[in-house]
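> Spelled out, the chains give:
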Amino acid sequence: MLKFATVSTIAFSTIAGSAMAQTDISWWHGMGGRNGEVINEISQQFNDAQDACKLTPLSRGTYEEALSSSIAAFRSGEQPNIVQVFDAGAATIMNAPGAVIPAEDLILNAGEEFSRDDFIAGVRNFYADSEGKFVGMPFNSSAPIMYMNTEAFEKAGVEAPKTWEDFEAIAPKLKDAGYIPMTASQLTWMMVENFKSRNNQQFATNNNGYDGVDGTQLIVNDENTVMMFDKLKAWADDGLYGFYGAGWGDNLKPFEEGKVAMWIGSSGSFGGLQKSAQMPFTADFMPYWGSIEGAGTQSFIGGAALFAMAGKSDEENACTAQFFSFLTSPEVQVYWHENTGYVPITEAAYELAKEEGYYDEKPVAEVGIKQLMLPGGEWSKGYRLGFYPQIRSVMEREFNRIFSGETTPKAAFDTIQQEGDALLARFAKTSG
Amino acid sequence: MARLRGFWEGSSRNPAKRVQFDRPLTPWLFVLPQLLIVAIFFYWPSVQAVTSSFYLEDPFGFGSTFVGMDNYTDAISSREYRRIAGFTAFFAVMVTALSLSIGLLLAVKADKVIRGASAYKTALIAVYAIAPPVSGLIGMMFFDMHMGPFTEMAAWFGYEMKVGINYNDTAFALILVAVWKQIPYNFIFFLSGLQSVPVSVREAALIDARSGWRRFKDIVLPLLAPTAFFLLIINITYSLFDTFAIIDVMVKDKPANNPMTLVYKVYLDGFKGNDIGGSSAQSVILMVVVAALTVAQFRFLERRVHYG
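Residue numbers (the working numbering), protein chains in the order written: chain A, 1 to 432; chain B, 433 to 740.
For the record, the hints were derived by calculation from the structure and aren't laboratory data.
Since this is a predicted model, take the numbers as computed values, not measurements.
Among these hints, one or two may not hold up.
Claimed, not checked - Cβ-to-Cβ under 10 Å is the rule here; a few derived chain B residues that face chain A:
1) Ser510
2) Glu512
3) Phe676
4) Ala688
5) Asn689
6) Asp701
7) Gly702
8) Asp707
Stated by the list, open to error - Computed list of lysine-lysine pairs in DSSO-like fashion (alpha-carbon distance at most 27 Å, straight line):
9) Lys231(A) to Lys253(A)
10) Lys354(A) to Lys275(A)
11) Lys233(A) to Lys686(B)
12) Lys259(A) to Lys162(A)
13) Lys155(A) to Lys231(A)
14) Lys259(A) to Lys684(B)
15) Lys649(B) to Lys231(A)
16) Lys686(B) to Lys275(A)
17) Lys133(A) to Lys370(A)
18) Lys686(B) to Lys253(A)
19) Lys175(A) to Lys275(A)
20) Lys410(A) to Lys686(B)
21) Lys684(B) to Lys233(A)
22) Lys175(A) to Lys155(A)
23) Lys684(B) to Lys275(A)
24) Lys259(A) to Lys231(A)
25) Lys686(B) to Lys259(A)
26) Lys253(A) to Lys684(B)
Just so it is clear, CB atoms sit at the ideal spot from N, CA and C, and this is done for glycine as well.
Using the sequences and the accompanying hints, generate a full structural model.
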């Protein structure tokens with residue numbers, strides 16, 4: 001009997017020993033192409049840097065697919081340790097307390113250091129709860145910026161527009177020079193969500209949705225938002241703006257081919273654009289309306305954050321915490337920043353990139369972070385709205401109808417208001 | 433075809449084909465694996481869908497509220513849902529009618545080809561080997577707004593084709609690709625159906641009627657009816673369900689104002705919107721409609737089909 005006990009003790013301790021030696025954690029994300037490769041490289045760097053944890057990243061397709069498959073996995077108890085959730089899906093996961101462990105708690109519980117002040121101002125709120133506690137760990141953050149075809153601006157003899165009024169003044173010259181003056185990808189993000197941030201306009205009741213889900217309603221059929229789209233439609237009719245549907249790439253392609261003077265895109269597109277653009281280009285802040293009082297505030301953080309899913313062992317959570325700390329270290333942030341074009345999320349990383357002289361070499365890379373560091377306003381902080389991916393779909397549908405002449409901007413935003421509010425009410429019921 | 437008929441009429445009309453088992457449980461043992469598969473992959477998920485269609489659920493499954501028929505009334509009262517349902521019906525009719533008639537036409541013509549027949553057939557059948565997402569991708573490139581050959585062709589006629597922005601243009605592109613993908617399938621079945629028409633019957637017909645169209649209408653077509661009936665059901669199912677991948681690829685994951693089918697809407701609300709209750713209700717509606725349609729076809733259409 002004694003013998004058996006000894007043997008089993010030894011066996012047990014061996015198993016425990018090997019488990020202690022290395023804890024496996026998983027990371028589901030929604031990135032492909034070059035960005036997906038960089039995720040693999042960073043995971044490898046983490047695995048090489050220590051022996052206790054082994055991180056395995058896995059691409060689940062798009063952002064939406066990463067979120068859906070994590071939800072399905074959570075319901076069957078097979079969730080990954082870490083999931084990447086995009087801006088529009090943030091409310092879904094943050095309104096399900098119990099699905100995630102707030103990143104800040106996770107890191108502090110594991111005995112690692114954490115300070116909110118280390119992060120640049122623009123990224124502190126979007127993935128945090130009402131007390132400012134980080135629920136998600138900001139990861140790939142981007143800002144919508146204005147890319148410009150250098151040749152087009154030289155040929156037309158015009159300067160980069162600061163405001164949309166400036167754009168209206170120079171657009172005919174760009175057109176005369178033989179270019180489509182502007183295209184923009186993902187109007188939902190650019191011309192609604194960030195229109196609200198850049199011009200300091202309220203987007204939804206209940207403090208843009210941050211204060212709760214009950215009774216939250218959109219504020220989109222207001223004068224200014226409708227004006228933005230009246231202008232876009234008028235520009236499209238005059239050949240000053242090219243609308244190529246809801247697809248990201250369809251609006252980017254003519255810019256890459258050098259046919260378009262300026263493209264409103266993501267700072268995260270910089271990595272890819274350096275390879276795909278067939279002409280020299282530069283970038284500047286996304287324009288705002290000089291006519292709107294208090295406009296010119298920062299854009300809110302786009303992109304995605306990492307969430308630590310609940311229901312995992314302490315060892316695994318410790319590894320996840322360790323990885324989050326690793327990820328926010330200046331060296332890793334700079335590596336990520338320089339390889340993808342996403343902005344560094346900590347002050348220290350930004351300083352390091354500056355010291356290295358990265359922005360002297362590539363000034364475009366600094367535009368996004370500078371725009372996120374502009375002075376904030378009451379309404380520049382973004383939004384937290386449930387079923388938001390569906391609300392975006394409604395907007396995309398109505399925008400197509402605006403530009404094909406089936407509806408007017410006012411009528412379109414009335415529809416968005418009505419269907420969006422119905423979705424928000426539905427979401428409030430699901431989490432009630 | 434005999435299998436379909438046996439299934440519907442019951443085996444009692446064919447006593448000669450009955451197999452007798454000594455023990456009553458033995459036949460059940462043989463069908464058990466199939467029954468298990470049907471139960472696990474069809475009945476169980478169906479029951480789940482019906483159940484969750486009566487609830488509003490938070491995506492992570494922490495809580496669900498019983499809402500009765502709300503999800504159904506929400507779906508049916510939505511203007512957008514009805515618009516999609518309308519397009520789905522139009523799409524199914526167009527795709528089925530076009531791919532059946534073109535498949536039949538090609539099969540009749542191929543049946544007459546003597547020299548180079550196999551090369552001709554191979555060329556027609558080859559398309560069937562293309563996976564739906566790939567055919568969607570091909571369609572996407574053909575109709576690309578910036579460089580698609582079809583877009584350029586339309587431009588010769590002074591038409592600015594905008595697949596992805598213009599609702600009708602996208603509908604046209606979707607139907608074209610879906611039909612193109614399905615023609616070979618219909619072609620194979622019609623061709624083999626034509627080749628099983630006995631030579632003696634054709635020769636007899638040749639004596640009775642000089643007109644090729646009359647011979648086709650009175651002799652060949654009735655003999656093809658079982659094949660056509662089978663293909664009708666398969667094509668409707670195809671246009672309703674299997675075109676998903678084509679649509680997904682061609683609208684590039686962002687449907688916006690583009691036409692889509694009800695199945696795509698179920699996916700959009702359930703998997704992208706994480707609205708499980710609403711999406712379940714839609715899939716139950718779809719299930720009921722398709723079941724009713726299939727039963728109706730068997731009841732009313734199959735009576736006219738003669739199985740030789």
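> If a hint holds in the structure, say so; if it does not, say that too.
Against the structure, the hints come out as follows:
| no. | hint | in the structure |
| --- | --- | --- |
| 1 | Ser510 | holds, 8 Å |
| 2 | Glu512 | holds, 8 Å |
| 3 | Phe676 | violated, 15 Å |
| 4 | Ala688 | holds, 4 Å |
| 5 | Asn689 | holds, 3 Å |
| 6 | Asp701 | holds, 7 Å |
| 7 | Gly702 | holds, 8 Å |
| 8 | Asp707 | holds, 7 Å |
| 9 | Lys231(A) to Lys253(A) | holds, 23 Å |
| 10 | Lys354(A) to Lys275(A) | holds, 23 Å |
| 11 | Lys233(A) to Lys686(B) | holds, 21 Å |
| 12 | Lys259(A) to Lys162(A) | holds, 22 Å |
| 13 | Lys155(A) to Lys231(A) | holds, 25 Å |
| 14 | Lys259(A) to Lys684(B) | holds, 23 Å |
| 15 | Lys649(B) to Lys231(A) | violated, 61 Å |
| 16 | Lys686(B) to Lys275(A) | holds, 25 Å |
| 17 | Lys133(A) to Lys370(A) | holds, 24 Å |
| 18 | Lys686(B) to Lys253(A) | holds, 17 Å |
| 19 | Lys175(A) to Lys275(A) | holds, 26 Å |
| 20 | Lys410(A) to Lys686(B) | holds, 23 Å |
| 21 | Lys684(B) to Lys233(A) | holds, 23 Å |
| 22 | Lys175(A) to Lys155(A) | holds, 11 Å |
| 23 | Lys684(B) to Lys275(A) | holds, 23 Å |
| 24 | Lys259(A) to Lys231(A) | holds, 22 Å |
| 25 | Lys686(B) to Lys259(A) | holds, 24 Å |
| 26 | Lys253(A) to Lys684(B) | holds, 15 Å |
The structure does not agree with the numbered hints 3, 15 stated previously, though it agrees with the rest.
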